[in-house]
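*Asks:* Kindly generate the complete structure, drawing on both the sequences and the hints.
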Amino acid sequence: MQEPGPGDLSQEDLAGFADRFRDWIAAFSAELAPLLTVHSDYDTRVRDARAMRRLLCEHGWGRAGWPEAVGGLGGSILHRAVVTEELFRAGWTGPTVFEHLEIVAPTLVRFAEPDFAAAVLPSFLDGSRAWSQGFSEPEAGSDLAALRTRAVRDGEDYVVDGAKIWTSWSKWADWCLALVRTGTPEERHRGLTMIAIDLSSPGVEVRPIRQANGTDELAEVYFTDVRVPAGQVIGEVGRGWAVAMFLLAHERGTLSWLRHCAFRQWLTPSTKIMREDADRQLGDVVLQLAGVRAAAVELMQRAAAGAQLGPEAAFNKLLMTRTEQNLFNLLRETDGARIALPADTPEEVLQQQEYLFSRIVTVYGGTQQMQLITVARHILGLHDG
Amino acid sequence: MADAVARPAEYVGFRDAAAAILTRHEGAAALDAFGFADVYADGAHDLRPAYAFLEAQGFRGASTPALGLLPLAGALDGRLAGAPLFGAPFGSSSLVAVPGLTPGATVVVDRPGSGLVAVADPAAVTRGAPSPAADDYLAVLDPDPAGLVPVVPDDEAEALRERIVVRARLGAAAELLGLTDRLLTDAATYAGQRQQFGRTLASYQAMQHLLAWAATDRHQLTCLFDIAVERSAAGPVDPELARAVKAMAGRVFHSVAQTAIQVTGAISFTWEHSLNRLHQRGMALDQVAGSSADLVAAIGRQARTEGVIPELFTLAGSLPAT
Ligand SMILES: Cc1cc2nc3c(=O)[nH]c(=O)nc-3n(C[C@H](O)[C@H](O)[C@H](O)COP(=O)(O)OP(=O)(O)OC[C@H]3O[C@@H](n4cnc5c(N)ncnc54)[C@H](O)[C@@H]3O)c2cc1C
Chain A
1 MQEPGPGDLS QEDLAGFADR FRDWIAAFSA ELAPLLTVHS DYDTRVRDAR
51 AMRRLLCEHG WGRAGWPEAV GGLGGSILHR AVVTEELFRA GWTGPTVFEH
101 LEIVAPTLVR FAEPDFAAAV LPSFLDGSRA WSQGFSEPEA GSDLAALRTR
151 AVRDGEDYVV DGAKIWTSWS KWADWCLALV RTGTPEERHR GLTMIAIDLS
201 SPGVEVRPIR QANGTDELAE VYFTDVRVPA GQVIGEVGRG WAVAMFLLAH
251 ERGTLSWLRH CAFRQWLTPS TKIMREDADR QLGDVVLQLA GVRAAAVELM
301 QRAAAGAQLG PEAAFNKLLM TRTEQNLFNL LRETDGARIA LPADTPEEVL
351 QQQEYLFSRI VTVYGGTQQM QLITVARHIL GLHDG
Chain B
1 MADAVARPAE YVGFRDAAAA ILTRHEGAAA LDAFGFADVY ADGAHDLRPA
51 YAFLEAQGFR GASTPALGLL PLAGALDGRL AGAPLFGAPF GSSSLVAVPG
101 LTPGATVVVD RPGSGLVAVA DPAAVTRGAP SPAADDYLAV LDPDPAGLVP
151 VVPDDEAEAL RERIVVRARL GAAAELLGLT DRLLTDAATY AGQRQQFGRT
201 LASYQAMQHL LAWAATDRHQ LTCLFDIAVE RSAAGPVDPE LARAVKAMAG
251 RVFHSVAQTA IQVTGAISFT WEHSLNRLHQ RGMALDQVAG SSADLVAAIG
301 RQARTEGVIP ELFTLAGSLP AT
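Going down the list, the protein sequences come from chains A and B. Sequential numbering from 1 applies to the first sequence in my numbering. Sequential numbering from 1 applies to the second sequence in my numbering.
Treat the hints with care, as some may be off.
Computed far set for chain A versus chain B, every beta-carbon distance over 10 Å [what the hints assert, rightly or not]: (1) 3; (2) 146; (3) 174; (4) 326; (5) 344.
Incomplete in silico selection of chain B near chain A, CB under 10 Å [stated by the list, open to error]: (6) 202; (7) 244; (8) 296; (9) 304.
The hints are simulated quantities; they were obtained by calculation from the structure and are not laboratory data. Note that CB positions come from ideal geometry on N, CA and C, so glycine has one too.
*Replies:* Below is the structure:
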């Protein structure tokens, strides 16, 4: 039998694409099985996530939905969303560091020099190179425009000095997409530039931070006289804020599709041990999941049609994180002892990790308060003062 | 009504046309001006204009029999003269609610075991309120089993039930969405005008957060509702999806109403304030064809007993109708 491939990548045939991918998953169940095995150890999960990307790219599925100019096969974000959902249905626990693919890669496609994008994206898609995102600093949290890491032009290069913190997955990353100051502090967000830094450059030091849930996803990244070719500026000099807003709209919006697929996986097995008196609470969570799903589809359809995502992506982040917390509240109320002290299986450990993580999801990617302010100002037109 | 993101263009065209008509006409005249009966004439199944009309009706707080007509439209094959109104289950009792009931209208209710039956004398069984009601849009009937006239026998009714319930739920959800939108719009406008401590209410972060949550809830309702309504153009809507839409419409309505009341302050707690009638209308609509509380419990019960978290719609199947 011929191997099922991605085939027609028109939007009209999205249902056919989903069918073909399901057929492929069935046909490659033996190859996929080890990559779908649940591990709680993060290094192992990253290793498997890389292998998954490689396998998907070898067979075309990992390149579906990305532009041909960067090593893709064409199609849209909707094709990527189908691949994500079907993998979760098959029992996947998620892409770990390659969650950044949906966040960083569209930004590079949109803003990077075409040659640079074509040079770096194929190795991101196939899992051989990973990216991190360096915005936050010790003194610049919600007030991102206060950041101080500087980049100074010197010949063909920029020289970068400063420190980033909370840089997710940089322990495993080869690149950091960093927001740096090329103007004066008084220029606030108008003095910022986005630049791609090779983390193997001399002068870069990554110091992992042990998270409250035991994983070391987060890190500090120090830059001391790091030389970065000027061709690696992403977007225009002094216009880094617009690039950051584009990226954050993807982090807030498109990520909600991926995360909601994971939420369904978390919730399903727990239904077996829930009691009747939790029906209304469970029903509420199921309904909230439907809301996250519907809002994610709405956003992805606009993105697929070429619309630029804007402040409305805050809706998706607010819905996603509220649902995530309510879902884990329900799991805690259903089986709190195992979440408090997991004992028997990697699934239990993972569940505790995710429970603890769910407590902080209203902070990353812009806090809940910042998202609410975005909706209030930019969508409802409410003004301060 | 300002939509935060573009909703399906055709639907919005119908909705805005209906909203304009509803500023000039009330009741059956508004339905005629919109051509409501044409929507489902000749077995046409694309009911998007009907849902759009109901959303506009909710926003305007207008009263027509549209929601009563929709569930039965085209279902009775001329078994009854005129256009019967559907009496939808109200709360969890045997009461039924009839939207926009006019004297002389025929009311049909579903009585599992007996089939679809007509209420012999709707006026005689309409529940009277002990004091004036804030809103007279919904008439609540307590049908006397002895006064029910068979219309469609139970075995035949079985084939119609699903679509009747889906239409009643999506229709009521459309109206609740319109009401939600109205309450949110009015509250945001008020916050931009009223001053306390020398500043507008809108300038306070506490008020901004309340309204932003309301807008977020309204957004998720809109997204889920639009998916269901777009699908209705292509064929029958999955009853589980319609149930979720109705449940969410009720949930979101109540939370947005609470926000609107909080933002508006004491003036909102007056009989005359526009919010009062809209709020009470939404409270009643939430009870029509399954309350959000009951539907949410049913959704949870099904998920628990079947061990499945429903997806409700597929990605490919949720692309807008072309
Ligand atoms: C798991 C995780 C992953 C992350 N990954 C990355 C990453 O990959 N790259 C990156 O650059 N950063 C990352 N971050 C950092 C994240 O973006 C910041 O934590 C976030 O922007 C908030 O900054 P802060 O933690 O310094 O909190 P602060 O800004 O100090 O805020 C503390 C509290 O005060 C509130 N607050 C602050 N200002 C106001 C105001 N004006 N009005 C009302 N309330 C206010 C906040 O909402 C919050 O509740 C990550 C964070 C987490 C938790």
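*Asks:* Confirm or reject each hint.
*Replies:* Now for the hints, and whether the structure bears them out:
Annotated as non-interface, residue 3 (chain A) keeps its C-beta farther than 10 Å from every C-beta of chain B; the closest such distance is 22 Å. Listed as outside the interface, residue 146 (chain A) is consistent with that label: its C-beta sits roughly 19 Å from the nearest C-beta of chain B, beyond the 10 Å cut-off. Chain B leaves residue 174 (chain A) outside its interface by the beta-carbon criterion, the shortest separation being 31 Å against a cut-off of 10 Å. Interface exclusion of residue 326 (chain A) from chain B stands, the closest Cβ pair being 13 Å apart, more than 10 Å.
No beta-carbon of chain B comes within 10 Å of the beta-carbon of residue 344 (chain A); the shortest separation is about 21 Å. With a least beta-carbon distance of about 4 Å to chain A, the hint placing residue 202 (chain B) at the interface is held under the 10 Å criterion. Among the interface hints, the one on residue 244 (chain B) holds; its C-beta lies about 5 Å from the nearest C-beta in chain A, closer than the 10 Å criterion. The closest approach between the C-beta of residue 296 (chain B) and any C-beta of chain A is roughly 4 Å, which is under the 10 Å cut-off, so the hint is satisfied.
For residue 304 (chain B), the suggested interface contact is upheld, since its CB lies about 5 Å from the closest CB of chain A, less than 10 Å.
When the structure is compared with the earlier hints, no violation turns up for any of them.
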